Amino acid sequence: MCAVRGLTKTYPAARGRRGTPATPEIKANDAVELQVRRGEIFGLLGPNGAGKSTLVRQLTGLMRPDEGTVDILGHDIVRHPERAARILAYLGQESTALDDLTVSLAAETTGRLRGLDVTRAREERDAVLDELGLTPLAARPIRKLSGGQRRLACFAAALVGERPLLVLDEPTTGMDPVARRAVWAAVDRRRAERGTTVLLVTHNVIEAETVLDRVAVLDKGRVIACDTPAGLKEKVAGEVRVDLVWRERAPLEVPEVAALRSRADESGRRWTLRLAPEEARAVVATVTGGAAFVALDDFTLATPSLEDVYLALGGGAQQGLVKA
Amino acid sequence: MSVVPAEFLPGETLAVPERDPAAPAALGPRARLWPSLAAVYRAQLSRARVARIPLLFVATFQSVGIMILMRGVVDGGSEAQAVVAGSSVLVVAFVALNLLAQYFGQLRSSGGLDHYATLPVPPAAVVLGAAGAYASFTVPGTIVTAVFGCVLFGLPLTHLWVLAAVIPLAGAALAGLGAALGLLAPRPELATLLGQLGMSAALLLGVLPAERMPAVVQLARDLLPSTYGVEAFARTFGPGPDWALVLGDLAVCAGVGVISLAVATWAYRRAAVR
Chain A
1 MCAVRGLTKT YPAARGRRGT PATPEIKAND AVELQVRRGE IFGLLGPNGA GKSTLVRQLT
61 GLMRPDEGTV DILGHDIVRH PERAARILAY LGQESTALDD LTVSLAAETT GRLRGLDVTR
121 AREERDAVLD ELGLTPLAAR PIRKLSGGQR RLACFAAALV GERPLLVLDE PTTGMDPVAR
181 RAVWAAVDRR RAERGTTVLL VTHNVIEAET VLDRVAVLDK GRVIACDTPA GLKEKVAGEV
241 RVDLVWRERA PLEVPEVAAL RSRADESGRR WTLRLAPEEA RAVVATVTGG AAFVALDDFT
301 LATPSLEDVY LALGGGAQQG LVKA
Chain B
1 MSVVPAEFLP GETLAVPERD PAAPAALGPR ARLWPSLAAV YRAQLSRARV ARIPLLFVAT
61 FQSVGIMILM RGVVDGGSEA QAVVAGSSVL VVAFVALNLL AQYFGQLRSS GGLDHYATLP
121 VPPAAVVLGA AGAYASFTVP GTIVTAVFGC VLFGLPLTHL WVLAAVIPLA GAALAGLGAA
181 LGLLAPRPEL ATLLGQLGMS AALLLGVLPA ERMPAVVQLA RDLLPSTYGV EAFARTFGPG
241 PDWALVLGDL AVCAGVGVIS LAVATWAYRR AAVR
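One line per chain: the protein sequences are A and B, in this order.
Reading the first sequence from the start, the letters are residues 1 to 324 in UniProt numbering.
Reading the second sequence from the start, the letters are residues 1 to 274 in UniProt numbering.
For reference, chain A alone in the conformation it holds in the complex (with noise of 0.2 Å):
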């Protein structure tokens, strides 16, 4: 429903002026290829600067590609950006056009700036808000909310005139957790019922595991995988993972330990290392008994994530996905 070929854009390098640096030519997409199916909620997963807005802005019709196209049911979104308006509702990171309306005007004029009448747009905002828990706010102005009651304000935006993709740039940052079901359910409600596809973009390992069905992984403007959670963590499914916890620093007087240290990405107190299963039994015992013990404050063993696979497949080195 939503095909993406050889999408390539380019930021021309800026001149330096006082205060800020030059930057050189960034390739902020370079021939991303997508195929997202109907119904399927895909996530678009990367560390910051890995070009997942600017994928988003391509898909939206608020930027044209360099190169490439954008097939969004049958619409070509490169040459008539126009329509891609009448095909998907987008939430972007943003709020400020909404931000000084109640979040029933927001609601409303939404709706009727997507094409419905007033009667259409006050039942479907009535329902939205309902849906999502939002009635009790109705009358409150949006930029007096916290920040994850303002992110499901738009949210409910977002849903007013129905379209069959929606496209949401990281919908819960800063939601409670009752506040992020409302939001799942609602998306999959809409999948059940009509069919609606949803593009996800995201910096929420955890989250993305659990609500996509399938993710692309982006890092420096190219997608380095692309499959399911599962499917993705399966490459990386011999390796567990081990953090470890030091109370002032690692006792590097035990031989085990210190020969660990090459193999560990340290943060502080904290070694994260990512070891076949029988060599995680053999550190676990190591850490649990004697001195290192003493100096141990934590330790957890898990089974590989999303944030393991993208680091096993040589993305963003360091840093990783998120700060965990």
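Since the hints were made in silico from the structure, they are not lab data.
Check each hint, because a few of them may be wrong.
[Claimed, not checked] Okay, the calculated beta carbon distance ranges per label pair: (1) B:R212 - A:A22: 45 to 55 Å; (2) A:Y11 - B:L245: 50 to 60 Å; (3) B:A215 - A:G174: 56 to 66 Å; (4) A:A13 - B:A244: 56 to 66 Å; (5) A:V78 - B:E189: 51 to 61 Å; (6) A:V78 - B:W266: 19 to 29 Å; (7) A:E82 - B:A215: 46 to 56 Å.
[What the hints assert, rightly or not] Derived, one-sided and incomplete: chain A residues facing chain B with beta-carbon distance under 7 Å: (8) L62; (9) R86; (10) E94; (11) T96; (12) A97; (13) L101; (14) T109; (15) R112; (16) L113; (17) R114; (18) Q149.
Since this is a predicted model, take the numbers as computed values, not measurements.
Cβ atoms here follow ideal geometry from the backbone N, Cα and C, with glycine treated the same way.
Go by the hints and put chain B onto chain A.
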């Protein structure tokens, strides 16, 4: 990268059949100009309750203050008429030009325009709706200023009804200018600066009596659209106003309004899709 072919993917999550890929799907409806203009106007007007009321007071107090100051300088007659008319139109310049330029400048820089750009709404509806709302914000302040000025300088209240034409037409010209400046400025600080400069120009060139100005300033005054709103209003204070000239001045405002709103619409289109 690996685009996994559909047949290798785990079972369909849905029973909904895939569309015939050759046939493009039906598009959602397009929002028509007038209904969407009305929706934007209403939404913008409601913002006044949240964000704009204190600034409306500032605009009015500024104009009232200027008139009180000028009372010691001008001594009735045509100068007093110019001061009252200029102060009244200054309220329009403050809100429609200055605040609208700031609003669009901020909306553009923060990415808020994406919201409108991903809705099937005609650009003119967004620009005209916002400009109309900002012009409407000026109504109470302008009327209060005009009435206060007439009482202060002993001018007749007879023809104040002409404000019903002056506010929308001067409002259109100044709001169009404000919107265009806000949408064209590459940075929000610049939009704010241009809006402030526009308002200062309206203040200096509109309120201070023109006869005392050097020729260069007089020329600048002729180039500023708010001047024509001021002149149209000022002409109606005298005994037996020349309505043809009033209409002429208002026609200039209307013309500038049409052009500047068209430029603003073009600027919006340009700012929305990069």
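Checklist entry - Of the hints given before, which are not true for this structure? => result As far as the earlier hints go, 5, 18 are violated by this structure, in ascending order.
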